[in-house]
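Whole structure, please, built from the sequences with the hints as guidance.
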Amino acid sequence: MFAGINEEQLVKRLSLTAREEGIFEWTRKKGMAYRRLMSYYRCAIKEVETKFRVLDEEYSLMNDRNPISGIKSRLKSLPSIVEKLERKGVDLSVEAIEENLYDVAGIRVICSFVQDVYKLAEALLNQDDVTLICVKDYIKHPKENGYRSLHLIIEIPIFLEKEKKMMKVEIQLRTIAMDCWASLEHQLRYKKSTEFTEEMQAALLNCAKISTELDREMDFLREKANI
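Take the sequence shown: its position 142, counted from the start at 1, is 142 in this note's numbering, and no numbers get skipped.
In case anyone wonders, no lab produced these hints; they're calculated from the structure. Every residue, glycine too, gets a C-beta built ideally from N, C-alpha and C. Be aware that one or more of the hints could be misleading.
Computed Cβ-Cβ distance ranges for the label pairs, DEER-style [claimed, not checked]: (1) Arg87 x Ser39: 40 to 50 Å; (2) Asn100 x Arg74: 12 to 22 Å; (3) Ser77 x Met166: 41 to 51 Å; (4) Ser77 x Glu213: 32 to 42 Å; (5) Ile210 x Met166: 35 to 45 Å; (6) Asn63 x Lys30: 23 to 33 Å.
Below, the structure is given as structure tokens:
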């Protein structure tokens with residue numbers, strides 16, 4: 001069954017299997033509560049998406065253009081949730097997920113220009129049912145690898161049949177150029193069959209600088225076109 005697998009690989013495979021079995025057993029016991037929590041996160045995603053689509057519609061009427069190029073959303077998978085809780089040294093439970101993880105529900109808003117990123121973020125945070133928990137500005141302060149994006153962690157209410165529940169959502173706002181770079185960087189860095197070398201890292205950092213310059217040039221054109 002394990003022909004061609006060395007001892008280290010065998011240990012990893014058996015460990016992974018045991019881990020998967022543990023997740024399966026937990027899901028069997030706590031499945032309904034977990035699915036309910038995930039449904040709450042999906043509702044929160046819909047609420048935030050709607051807020052951005054309303055803002056996009058309003059700006060299109062005022063400025064005759066849409067600041068939002070696209071909106072993507074995702075719900076963190078259970079294996080990813082387990083892995084992150086393990087890194088935090090927290091045991092898996094429905095309560096632990098809600099209390100310790102801020103990025104289970106995620107939304108990415110792709111904008112036309114850098115100015116649109118900040119304008120949309122400000123408009124969202126001015127809404128009286130949105131509470132800002134954390135902001136990380138990787139546009140003004142890019143990561144060492146060149147990554148740029150504006151990250152917000154917010155809390156918003158969702159209204160259920162008999163209660164109001166506050167849910168956390170991670171929002172990433174970035175330009176088309178930032179999103180293109182980040183998507184390709186992720187594919188290159190995490191492709192399992194290819195070693196990610198220092199030469200590739202240096203090339204990606206150079207691409208990030210080109211991406212930054214592209215955004216500057218596009219903002220210059222936006223100002224000239226008065227849009």
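Can you give the numbers of the hints that this structure goes against, from lowest to highest? Numbers 1, 3 and 6 - these are the hints that the structure violates, sorted from lowest upward.
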